[in-house]
Every structure is written in C-alpha cells, then in structure tokens.
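Peer 1: As a plain string of letters, each chain reads:
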Amino acid sequence: MAGSNPNAKPMDLTLKVWRQKDRNSAGSMVTYPVVGISPDMSFLEMLDVLNEDLLRKGEEPIAFDHDCREGICGMCSLFINGRAHGPERGTTTCQLHMRHFSHGDTITIEPWRAAAFPVHKDLIVDRSAFDRIQQAGGYISVNTGGVPDANEIPIPKSIADKAFDAATCIGCGACVAACKNASAMLFVSAKVSQMAMLPQGKTERKTRAENMVAQMDIEGFGACSNTGACAAECPVGISLENIAMLNREYLGARLTSENLA
Amino acid sequence: MILDSKIPEGNLAEKWDKHKFNVKLVNPANKRKYDIIVVGTGLAGASAAATFGELGYNVKAFCFQDSPRRAHSIAAQGGINAAKNYQNDGDSIFRLFYDTVKGGDYRAREANVYRLAQVSVNIIDQCVAQGVPFAREYGGLLANRSFGGAQVSRTFYARGQTGQQLLLGAYSALNRQIAYGKVKMYPRTEMLDLVMVDGKARGIVVRNLITGKIESHSAHAVVLATGGYGNVFFLSTNAMGSNATAAWRAHKKGALFANPCYTQIHPTCIPVSGDYQSKLTLMSESLRNDGRVWVPKTKEIAERLRKGEITVNDIAEADRDYYLERKYPAFGNLVPRDVASRNAKLVCDEGRGVGASGLAVYLDFADAIKREGQPAIAAKYGNLFEMYAKITDENPYERPMRIYPAVHYTMGGLWVDYNLMTNIPGLYATGECNFSDHGANRLGASALMQGLADGYFVIPYTIGDYLAQTPYDKVSTDHPAFKEAEAEVIAKNNQLLSINGTRTVDDFHKALGLIMWDYCGMARNAEGLKFAKQEIRKLRDEFWRDVKVTGVNEELNQTLEKAYRVADFLELGELMVDDALHRNESCGGHFREEYQTPENEALRDDENFAYVAAWEFTGVGNEPVLHKEELKFENVKLTQRSYK
Numbered sequence: 001m002a003g004s005n006p007n008a009k010p011m012d013l014t015l016k017v018w019r020q021k022d023r024n025s026a027g028s029m030v031t032y033p034v035v036g037i038s039p040d041m042s043f044l045e046m047l048d049v050l051n052e053d054l055l056r057k058g059e060e061p062i063a064f065d066h067d068c069r070e071g072i073c074g075m076c077s078l079f080i081n082g083r084a085h086g087p088e089r090g091t092t093t094c095q096l097h098m099r100h101f102s103h104g105d106t107i108t109i110e111p112w113r114a115a116a117f118p119v120h121k122d123l124i125v126d127r128s129a130f131d132r133i134q135q136a137g138g139y140i141s142v143n144t145g146g147v148p149d150a151n152e153i154p155i156p157k158s159i160a161d162k163a164f165d166a167a168t169c170i171g172c173g174a175c176v177a178a179c180k181n182a183s184a185m186l187f188v189s190a191k192v193s194q195m196a197m198l199p200q201g202k203t204e205r206k207t208r209a210e211n212m213v214a215q216m217d218i219e220g221f222g223a224c225s226n227t228g229a230c231a232a233e234c235p236v237g238i239s240l241e242n243i244a245m246l247n248r249e250y251l252g253a254r255l256t257s258e259n260l261a
Numbered sequence: 262m263i264l265d266s267k268i269p270e271g272n273l274a275e276k277w278d279k280h281k282f283n284v285k286l287v288n289p290a291n292k293r294k295y296d297i298i299v300v301g302t303g304l305a306g307a308s309a310a311a312t313f314g315e316l317g318y319n320v321k322a323f324c325f326q327d328s329p330r331r332a333h334s335i336a337a338q339g340g341i342n343a344a345k346n347y348q349n350d351g352d353s354i355f356r357l358f359y360d361t362v363k364g365g366d367y368r369a370r371e372a373n374v375y376r377l378a379q380v381s382v383n384i385i386d387q388c389v390a391q392g393v394p395f396a397r398e399y400g401g402l403l404a405n406r407s408f409g410g411a412q413v414s415r416t417f418y419a420r421g422q423t424g425q426q427l428l429l430g431a432y433s434a435l436n437r438q439i440a441y442g443k444v445k446m447y448p449r450t451e452m453l454d455l456v457m458v459d460g461k462a463r464g465i466v467v468r469n470l471i472t473g474k475i476e477s478h479s480a481h482a483v484v485l486a487t488g489g490y491g492n493v494f495f496l497s498t499n500a501m502g503s504n505a506t507a508a509w510r511a512h513k514k515g516a517l518f519a520n521p522c523y524t525q526i527h528p529t530c531i532p533v534s535g536d537y538q539s540k541l542t543l544m545s546e547s548l549r550n551d552g553r554v555w556v557p558k559t560k561e562i563a564e565r566l567r568k569g570e571i572t573v574n575d576i577a578e579a580d581r582d583y584y585l586e587r588k589y590p591a592f593g594n595l596v597p598r599d600v601a602s603r604n605a606k607l608v609c610d611e612g613r614g615v616g617a618s619g620l621a622v623y624l625d626f627a628d629a630i631k632r633e634g635q636p637a638i639a640a641k642y643g644n645l646f647e648m649y650a651k652i653t654d655e656n657p658y659e660r661p662m663r664i665y666p667a668v669h670y671t672m673g674g675l676w677v678d679y680n681l682m683t684n685i686p687g688l689y690a691t692g693e694c695n696f697s698d699h700g701a702n703r704l705g706a707s708a709l710m711q712g713l714a715d716g717y718f719v720i721p722y723t724i725g726d727y728l729a730q731t732p733y734d735k736v737s738t739d740h741p742a743f744k745e746a747e748a749e750v751i752a753k754n755n756q757l758l759s760i761n762g763t764r765t766v767d768d769f770h771k772a773l774g775l776i777m778w779d780y781c782g783m784a785r786n787a788e789g790l791k792f793a794k795q796e797i798r799k800l801r802d803e804f805w806r807d808v809k810v811t812g813v814n815e816e817l818n819q820t821l822e823k824a825y826r827v828a829d830f831l832e833l834g835e836l837m838v839d840d841a842l843h844r845n846e847s848c849g850g851h852f853r854e855e856y857q858t859p860e861n862e863a864l865r866d867d868e869n870f871a872y873v874a875a876w877e878f879t880g881v882g883n884e885p886v887l888h889k890e891e892l893k894f895e896n897v898k899l900t901q902r903s904y905k
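One line per chain: the protein sequences are A and B, in this order. So in our numbering the end of the first sequence lands on 261, straight run, no missing numbers. So in our numbering the end of the second sequence lands on 905, straight run, no missing numbers.
Please keep in mind that the hints were generated in silico from the structure rather than gathered at the bench. Be careful, since some hints might not be right.
[As the list claims (entries may be wrong)] As a list, the in silico DMTMM-like pairs of lysine to aspartate or glutamate whose alpha-carbon atoms are at most 20 Å apart:
| no. | chain 1 | residue 1 | chain 2 | residue 2 |
| --- | --- | --- | --- | --- |
| 1 | B | 753 | B | 815 |
| 2 | A | 21 | B | 816 |
| 3 | B | 809 | A | 60 |
| 4 | A | 157 | B | 386 |
| 5 | B | 809 | A | 53 |
| 6 | A | 9 | B | 536 |
| 7 | B | 771 | A | 53 |
| 8 | B | 651 | A | 88 |
| 9 | B | 445 | A | 126 |
| 10 | B | 474 | A | 22 |
| 11 | A | 9 | B | 654 |
| 12 | A | 57 | B | 767 |
| 13 | A | 21 | B | 768 |
| 14 | B | 809 | A | 59 |
| 15 | B | 276 | B | 726 |
| 16 | A | 57 | B | 807 |
| 17 | A | 157 | B | 398 |
| 18 | B | 771 | A | 52 |
| 19 | A | 21 | A | 110 |
| 20 | A | 57 | B | 768 |
| 21 | B | 771 | A | 48 |
| 22 | B | 753 | B | 803 |
| 23 | A | 9 | B | 655 |
| 24 | B | 809 | A | 52 |
| 25 | B | 809 | A | 48 |
| 26 | B | 474 | A | 126 |
| 27 | A | 162 | B | 398 |
This is chain A alone, in the form it adopts within the complex:
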C-alpha cells in the first residue's frame, strides 16, 4: 500500500539518540542504524520501527513521550538535529514526516534540555513545572454554575480571535528548549495575555501576572533576553507580542500591586 508519493524510495538513516536510565544516572548518545524508512512515515513511527527492532533483539526500547500524534496534546517533544520538534516550522514532532529527511542522513535526537525540565528517562522529561505555573494563576476564579448567559458578555471578534491565538499554546515546552536561557516567558505570556485581553479575565489580571511570573522564577527557568528563538520554534505559532504584553501586565501589576503578601 503506497501513500501519496508511491515513487519515493525508502531511506537508510543513522540515529544518534540520548539514552539515560533515570533521573539520577548519567546519560550518553548511542548510535542506531535504521533501514527501509518510508518517506510517508511520521518521525515517531520511524522511532516505533526502531523500537520494535530493539525489542525483538531483547534490548530496551527508547523511551519517548507521545500521545495524540495529531499535534495538539503537547505530549511529544524531542530536540532533533538541534531544533525543537525538528526542522519543519510550525510542526510538532508527531506531525513531522520523514520526507523532510534524505537517504544517508545522520539525525541526532535529544530530550528538551533545561534545568527546570529534568530527564525522567531517555527522551522523557519532567514538565510538571508548567502545571505549577498554571496553578499559580492561569485561571479565572469562577465556580461551576451561577454565571451569566454566554451572550451577556459581547466580545469584539478581533479580541476573541487574538485571545484564541494566545490560547492555542499546547504546553509542549519547545519554547524553553529553544531558548539559550531556558526561559518560559512565551509559555507564561500566552496564558497571561489570553486572559488579560478577555473581559472575563480582567478582574484578576494583576495577581495573575505577578503570581505566574513568581512561580516561573521559583521553578528555575531563565530570564528572557528577547532573542525570539521561542516564537520561531513554537509549533503553534504563539507570537512574541504576548511577551511584550506580559511585560506590560507585570510592570503595571508591580506598580499597583494588589498582592498583600
């Protein structure tokens, strides 16, 4: 059964993959040849093929995170040839296809590298710091029930669209991996600006910006030096404008702080 490009020839590749037993062990790059890779395979399907081979030989397969394989859950990661989610712009690793590589290529595959994302095993990292940042303020404080009718809050389409653009962040961590300082500013700014733009989110905008930034610092993410590498590598195109907005929100919040602590 051929895919869209029946004439494309299978490829042989050399993979250099980061292997690490667990959080406390030292890791190293290990080389694996793979042969007969179809250009229509996804990158993760190529790794599936390698893992099946390793299993049949009784070797331990390479651990990597993945789930929806549709580019939306944010579970997959991988630093491929020095790029977060590989060479294609606006693409998660699960949506990257082997047709973007050539026969004979050597491909290096590493986990996200950031102090705030310690390695669990091989290519799997711990991104729970992202959850804790969201818990610090990435919400609007409404309980279930007792809310107004949805159409009682008209929101200009342009604002709704912009809020949506920020809200599409999938929380994968590519922005952190791409940043030389391992800064989480793009991730934090996406939520802060989504909610600051919407009328529902304005009530808590000051505490939200302050608390989320404070948590980001506690988690050990680096400072933002505005290189824009995060936005360039973001698979869903979260814009740098959000960082500008976060800076504005944060400054405003600090100047008129409502945090009593």
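With chain A fixed as given, assemble chain B onto it according to the hints.
Peer 2: Then chain B, alone, in the frame of chain A:
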C-alpha cells in the same frame, strides 16, 4: 440481578428538576469529611474533579499523561452542541433531545438524553465565564455552525480546536482547586484495579509510571472518567495511550459493561498509508458542511485512476457520483456518521474507491472555493487543510482530499443508572467511559457536550445523594482488600515480564486490531463474528505464551504499560464480538449484514432488541451473562431512521 435505571417518575421535562430536589444533600461543613477519587482528567474527569473541589469535597485526581491538560478530549475538533437557539432557527431543548435519540437509532435512554439537552445551555455559559475563546460574530456575540445529523446551527466552536479550548478551560478550573489544596493531582499515574470493601467501591490501586511503584488510594466514592476503548482496533483516532484498563478492571470486579459492540466509525479520516501506521487522523466532520463527497461513477474510471493513468482532475463532472447527495437529498453530505461511513465502505466495496489502495473517497472543496473564495474556506478550515497537507503531502486547495472511515468513538461503556452510578455502589462512570447518552450512534459535537454535562452539572448533584447516605469513616489502605488487589496487580505485571517470548506487544495489538476491523468493524455477520471469537481466543492464549516484555516493573517501562493494556483489550475484544453476535439487528454503528433494508439501511428490530445489553463478567474465557434494561420510549416515536 435486576437493573434499576432509577429514572425519576413524572413528565420528561420535569424529571431532572424534581430529582435535583429529591436527592439528599451533604451539609457544606460536612463535605470536607468525604474523599472522592476521579480517574481521568479529560472533559468529564477534570470538570467533575474541579466542581467537587469547589463544593468542598477532598478530591484525588489521576491521569496517565504527564499533565491533566493532555487528555484526549484535547483533540476534539469540530464543536459542542447546545440548545441555545441563538440563531433563531427553530432549535429547542426538545429538538436537541429528539435529534440525539433519533441519531442514536433509538437505543439511548430518553430521560438521560433530555437532561443532557437541558444542561447543554449551562455548559456554554460556564465555558465562556472561564475564558474559553469561542468563535464570535462581528457584533461580539457567539457564532454557531451546523453539524451532521441536525438541521439547525447549534454547534459552538473554537476554530478546529474546540476540544482543546474546552479542556484547557476545565484544566484551569482544576488548577484553581489544586492551588487551593482541594484537589490533589497525580499525573503519570495509572489505575490498575478497583478496590471494594463490603460490596462498595472504596478505592483504587495505581502504578506510578515513573517509579513503577504500586500504590493504593482510598475514598468514599470512585469516579471513572477514563474515556473509550477504540484502541481495541489498534488503528483509531484515539491517542496512543487511550486504553480501557481502568474500566475493564472495574468490569472484572463486577461493574456491568453495556453495549460494547456500539462503535463509531468516523467517516472523514485520512486513509492508511502503510503497515507502519501507528494511528489514524480525523478531519473534523465540519468539513462536510462545505466539502462534497464523491467517487467515480464507474469501476473502470476508478481503476484507471488508481493505476495513475488519469488524475482526479481528468474526471468529468458527469462521471462523478456525489453518492450522499444522490441518496439522501434532504441531508446530503450532512447525514450522520454511521450512514456516511457505511456508504463510503459500500462504494469502495463496489470497486469505486480512490487512492492507491482503493480504500478512500474524495472530499472535494472545489465548489466551495469557487463560491466563497479560498480565504473564506481557509478561515473556516485552515488548520485542518494544513494538517492534511502535512500528513499526505497533498494540497487540498488544489485537489480533493482523500478520506476513509476510521474507528473514532465508542458508544458502549460501563453501565450506569440515571445518577451515573454503575451497579457497584459508590462507583461512577462519566463521559465516554459510560454507555448512557448516545445510543447506537453518537452525533457530531455531542461528545464534548456529554463529558462536560456529566462533570459540571450532573454528577456533582448525584454523588451528594450517595455520600449523604455514607458514613464518614475512612477505610485504611492497609485493609486486606487493598493488599489483595495490590498483590494481584504485581503478580500480573510480573507474569507479563517473565514470559520472555518472541512477539512484541504491538505485534499482538495489530493482530487483534485486524480481527476486530475485519469482523467487528463497519459491517458484521454471524459467521464472521463466530470466527473472530475463536481467533481472539487463540491470539490471547498466544499472547500469554509468547509476548516479549523487557525491563522490570520498578522503573519507567512503556513496554510493560502497553502490555497490560493490550492484555485487557484482548479480553474486551471478545466481549465486543459476543455483544455484536447476540444483537440480531442493525442499529447505528452496529451493522449486521443479515439485517438491512433493500436500500442497505440499518434494519432495527424494536420488538426484540429495544434494550441495553449489560454484560456481567464471569471469568476470562467463560461466557458472560447478559442483563437487559428495557428502553421505554414515551416521548419519541420509533421509526425507521430516514435522512432522505
């Protein structure tokens, strides 16, 4: 066992309100004395966990992913239905109820579906208040679109990422409760058994997926919101990790499994491209609002196309068969999913399929682009077109998409009563994990509605009724019931690790998927199902003799995770076949070739099969026991479903 659905008495429209008044309440100061476990953090689980926390209960929530935000609800594209009638086009709670019962081919419970339609309007209000950025009109009010199986525009959406936005809304509510300390979150933690004490659900045994450690958690009630079991088929639109283990192990502890054969095969997915394929990708059904489905009129043209002698653009308009528009003039390309899928299979079986494999039909946007212009189409479907292009390397603006049906959703699930409680006291099932609201076929944009209805607006009321009658006493996880369950889980994992055979887990999973797809997929017949049952049993025996699982339990071990999930699929697959074989009729997603009208439509047998089939586990390899819950239709007249 007598199945009591506990449907309240009285007029359909008043049942839920009356029931809410009649249920017992837990005093606000006493709520903190109760612990609730929620397994799964998709729409149904996250919304329930957050709401329980807000009410004051102590909640422990579990998910196998690295964050609750990754649950597969996130991948839902098209939208969420609600009977708001904002479009002034004739919608009402009764119409949404009616469409859903009819769409489910009259195999759902009237009272549950009516309640679903009632609370649908609250869901939209709630999500907007949370900051969910739904699509809006220029005037600032919410936009709607239409979806398959309905003739009104009642679907709310956020581009093609509605599930993502709704889940992130529920996740934010959950985060707020985690911050308050009312919910304790356990990510990368998988439920491997249900623990019962004195006949009641009192806790779960879990595996920490990082350390492999087996641990127990006790509570006063357990809610399973663990999604569906479509991955029995190996290839489906489900996430790779979606599995049935939590629900199946609860079934093995006595929870009845209802209507397991009701599987939804979604008509608009990207076709299989090779045997390395790991999953299938759905293209939102909303595409059928503007896309026209067709195949070549004759087998000969289709053959020349497959051989590459001609291209799609060489086929004259007169040689194209827009078969849905031809057969169903009233609904056209917007017929429900089961009808669209079955018709795609029919034309491919006739040899008129396209693509190299012949297992695809066209979804063509040429007319829509001509009518509205490319920018308008891009605004509506841009992200879906991009996704298609990424996967297939073809530009859908220039040539029609190729689509084929794929396993997408499972209408069956754990049997629950009107309170969403299984037959095990204190064990609840919500969202796709239960069987209750979609009958034999789910309409588009109804899964998100049901998950959030259950979690935000139904179970927070009904669980209080149970807890109010439950003593505060906690059960220690040192109780022998917990220790026994832990020992069983450890023994099973160790057994898997000790087989050291020659075939990989994926190998077995693919073989199971093929059996299921060929004999218990879009079309089924008695002979094939009997054959499939024997094949599954053989495969299961071989699995336990010859599977190869590397590593140890006490580590992050993805092979072991897959192995215990597939071990459960190998048991569940047989139950699906049993259910499909016993149901001598066709309805919705269950199409038995022996039971069809002269026009190949599903032929129901209301006299003999208007019931919920709830199966009781009696041991692996033993025949399950069937319990029937008769379905009474007092407000909708059962008719041959027609979309002509």
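Peer 1: Check the hint pairing residue 9/A with residue 655/B against an upper bound of 20 Å on the C-alpha distance.
Peer 2: Given that 20 Å is the threshold and the Cα spacing comes to 18 Å, the pair holds.
Peer 1: Next pair to validate is residue 809/B with residue 59/A; report whether the Cα-Cα distance is within 20 Å.
Peer 2: 11 Å, holds
Peer 1: Compare the distance between the alpha carbons of residue 809/B and residue 48/A with 20 Å, and conclude whether the hinted pair is satisfied.
Peer 2: Given that 20 Å is the threshold and the Cα spacing comes to 16 Å, the pair holds.
Peer 1: Given the proposed pairing of residue 21/A with residue 816/B, does the C-alpha separation stay at or below 20 Å?
Peer 2: 9 Å, holds
Peer 1: Could you grab the alpha-carbon distance between residue 651/B and residue 88/A and see if it respects the 20 Å cut-off?
Peer 2: 10 Å, holds
Peer 1: Regarding the pair residue 809/B and residue 52/A, is the alpha-carbon distance no greater than 20 Å?
Peer 2: Holds. Residue 809/B to residue 52/A sits at ~11 Å (cutoff 20 Å).
Peer 1: Run the distance test for residue 771/B versus residue 53/A: straight-line Cα separation, threshold 20 Å.
Peer 2: Cα-Cα ~16 Å, so holds.
Peer 1: Is the Cα-Cα distance between residue 57/A and residue 767/B 20 Å or less?
Peer 2: 15 Å, holds
Peer 1: Regarding the pair residue 21/A and residue 768/B, is the alpha-carbon distance no greater than 20 Å?
Peer 2: 26 Å, violated
Peer 1: Has the given pair, residue 809/B with residue 53/A, been kept, meaning a C-alpha gap of at most 20 Å?
Peer 2: Holds. Residue 809/B to residue 53/A sits at ~12 Å (cutoff 20 Å).
Peer 1: Decide if the proposed pair is consistent with the structure: residue 276/B and residue 726/B, CA atoms, cutoff 20 Å inclusive.
Peer 2: 16 Å, holds
Peer 1: Would you check the hint for residue 157/A and residue 386/B, treating anything up to 20 Å between C-alpha atoms as holding?
Peer 2: Holds - the C-alpha atoms of residue 386/B and residue 157/A are around 18 Å apart, at most 20 Å.
Of the numbered hints given earlier, the model fails hint 13 alone.
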